[in-house]
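Participant: Each protein sequence line maps, in turn, to chains A, B and C. Going by my numbering, the final residue of the first sequence carries number 156, and the count climbs one at a time with no gaps. Going by my numbering, the final residue of the second sequence carries number 312, and the count climbs one at a time with no gaps. Going by my numbering, the final residue of the third sequence carries number 468, and the count climbs one at a time with no gaps.
Worth flagging that the hints you see were computed from the coordinates, not collected in a lab. All residues carry an ideal CB built from backbone N, CA and C; glycine is no exception. Hints are supplied without guarantee of correctness; some may be wrong.
When the alpha-carbon atoms are kept at most 25 Å apart in a straight line, the in silico BS3-like pairs for lysine-lysine are as follows [unchecked claim]:
#	chain 1	residue 1	chain 2	residue 2
1	B	Lys168	A	Lys91
2	C	Lys440	B	Lys247
3	B	Lys284	B	Lys168
4	C	Lys406	A	Lys128
5	A	Lys4	B	Lys245
6	B	Lys251	A	Lys5
7	B	Lys251	C	Lys324
8	C	Lys440	A	Lys4
9	C	Lys317	B	Lys249
10	A	Lys95	B	Lys168
11	B	Lys160	C	Lys440
12	B	Lys284	A	Lys89
13	C	Lys361	C	Lys406
14	B	Lys161	A	Lys4
15	B	Lys284	A	Lys91
16	A	Lys93	B	Lys284
17	A	Lys113	A	Lys49
18	C	Lys316	A	Lys5
19	B	Lys160	B	Lys205
20	A	Lys128	A	Lys12
21	A	Lys5	C	Lys361
22	A	Lys12	A	Lys49
23	B	Lys251	C	Lys403
24	C	Lys316	A	Lys113
25	A	Lys94	A	Lys4
26	B	Lys161	C	Lys316
27	C	Lys361	A	Lys12
28	A	Lys128	C	Lys361
29	A	Lys4	B	Lys269
30	C	Lys361	C	Lys405
Sample of chain B residues with no beta-carbon within 12 Å of chain A, all distances over it, derived [as the list claims (entries may be wrong)]:
#	residue
31	Ile165
32	Lys168
33	Ala185
34	Lys205
35	Lys247
36	Lys251
37	Val253
38	Ser285
39	Tyr293
40	Ala297
What follows is each chain in one-letter form.
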Amino acid sequence: MAAKKMAIIATKGALDMAYPPLILASTAAALGWEVQVFFTFYGLQLLRKDLSGIAISPIGNPAMPMPVPMPVVVSMLPGMEAMATSMMKAKMKKKGVASLEELRTVCLEADVKFIACQMTVDLFDFQKSDFVDGIEYGGAATFLGFAGQTDVCLFI
Amino acid sequence: MAAKKMAIIATKGALDMAYPPLILASTAAALGWEVQVFFTFYGLQLLRKDLSGIAISPIGNPAMPMPVPMPVVVSMLPGMEAMATSMMKAKMKKKGVASLEELRTVCLEADVKFIACQMTVDLFDFQKSDFVDGIEYGGAATFLGFAGQTDVCLFI
Amino acid sequence: MAAKKMAIIATKGALDMAYPPLILASTAAALGWEVQVFFTFYGLQLLRKDLSGIAISPIGNPAMPMPVPMPVVVSMLPGMEAMATSMMKAKMKKKGVASLEELRTVCLEADVKFIACQMTVDLFDFQKSDFVDGIEYGGAATFLGFAGQTDVCLFI
């Protein structure tokens, strides 16, 4: 039986939604699937060498479980975004959740193909030197060629 | 002809994005499809027995149709999140849209399989007693096994 | 070989997430794929004749590349949403990215089928006269009938 194939379009760059593409891609690769991830829009943030700027915002997200209920006006005070980010990171570390960097390395070592959307790279003036090695650059048309053959294709 | 299959990864827990997984799952089940929904990240909020805390935020969402145009600074005043939530719920009720609880019951009665992401349950310290009965617990690997056989697989 | 098929559920109406459904649909149509887009929730905003109200919010989106780092409290000042929107539009124009109107026209001319979700039209009191010509109205059940036959189905 041929290996299953999965394509992911990763468009988000905040800490919470940065996890799903990397968790799903690394899990599928571990199952022997062929996986490609197309990073576009804010998803390009996940290809930066330095991921320390990946943050999470408690604002406009009433579904985020918080240690204490936080009124909207409090969540907007200076420093709250940084605080929410470090709280989330500490919680993940304590619970043994792999870091984004670790998951990304697992993906690359398992031959998950990472493709940076050339159009968004140009639009946001990203530099190729900002990104990790081992990735490719391409457009939606090339990616759809692969996506059309997959068993699972997700827009995240 | 074999029944169609659909897999949904439900990651959002705000009022607006809580609807799509439940509407699509119940509709597909009504068509005779085999459906599994994997609830992860904020999506776990949809499995709580008590859904009254599901809210909607007008902040950072310029696309939300509002009865009156609302400047960003107003949308951040204390109570506006609760107000937007109750306005949306009232509108849905008036228009005959089923509640989240009703749609969830329809899904469970139609044998839609609900799976709570064990990793997120642990991460956010959810208690199994918080959740409705009749659900399973699992991980991404198991879910991908089903997803790889589906006709439609959506990340919401 | 039969043409590939793609189904897109377009649920977002902000400037950034308005692009992916239209870019993917027009690209797939150019490759000869049969494409249907189901516009629901905020995605209905993309069917309005006048798209000038489509905006982007810097609030609650720490992943948005900004010309200058902007504290959350600043991003909430009156006028910042309009400023972020016009900055993004100016950047896209300068970089040669097609406008939403142009991409939408390309889709319609390439026989991409646009379907407005009747339930959301009713819920948000949209008027058919608000929308562009050449679209259809339907529900989730009909759309799933097509989605179940596709090679790629995305929830955006």
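Participant: All hints, please: hold or fail.
Facilitator: Against the structure, the hints come out as follows:
no.	hint	verdict
1	B:Lys168 x A:Lys91	20 Å, holds
2	C:Lys440 x B:Lys247	19 Å, holds
3	B:Lys284 x B:Lys168	19 Å, holds
4	C:Lys406 x A:Lys128	20 Å, holds
5	A:Lys4 x B:Lys245	42 Å, violated
6	B:Lys251 x A:Lys5	42 Å, violated
7	B:Lys251 x C:Lys324	21 Å, holds
8	C:Lys440 x A:Lys4	43 Å, violated
9	C:Lys317 x B:Lys249	36 Å, violated
10	A:Lys95 x B:Lys168	21 Å, holds
11	B:Lys160 x C:Lys440	33 Å, violated
12	B:Lys284 x A:Lys89	24 Å, holds
13	C:Lys361 x C:Lys406	24 Å, holds
14	B:Lys161 x A:Lys4	16 Å, holds
15	B:Lys284 x A:Lys91	19 Å, holds
16	A:Lys93 x B:Lys284	22 Å, holds
17	A:Lys113 x A:Lys49	17 Å, holds
18	C:Lys316 x A:Lys5	16 Å, holds
19	B:Lys160 x B:Lys205	29 Å, violated
20	A:Lys128 x A:Lys12	19 Å, holds
21	A:Lys5 x C:Lys361	39 Å, violated
22	A:Lys12 x A:Lys49	17 Å, holds
23	B:Lys251 x C:Lys403	41 Å, violated
24	C:Lys316 x A:Lys113	23 Å, holds
25	A:Lys94 x A:Lys4	34 Å, violated
26	B:Lys161 x C:Lys316	19 Å, holds
27	C:Lys361 x A:Lys12	28 Å, violated
28	A:Lys128 x C:Lys361	38 Å, violated
29	A:Lys4 x B:Lys269	23 Å, holds
30	C:Lys361 x C:Lys405	20 Å, holds
31	Ile165	7 Å, violated
32	Lys168	7 Å, violated
33	Ala185	20 Å, holds
34	Lys205	16 Å, holds
35	Lys247	18 Å, holds
36	Lys251	22 Å, holds
37	Val253	19 Å, holds
38	Ser285	16 Å, holds
39	Tyr293	16 Å, holds
40	Ala297	5 Å, violated
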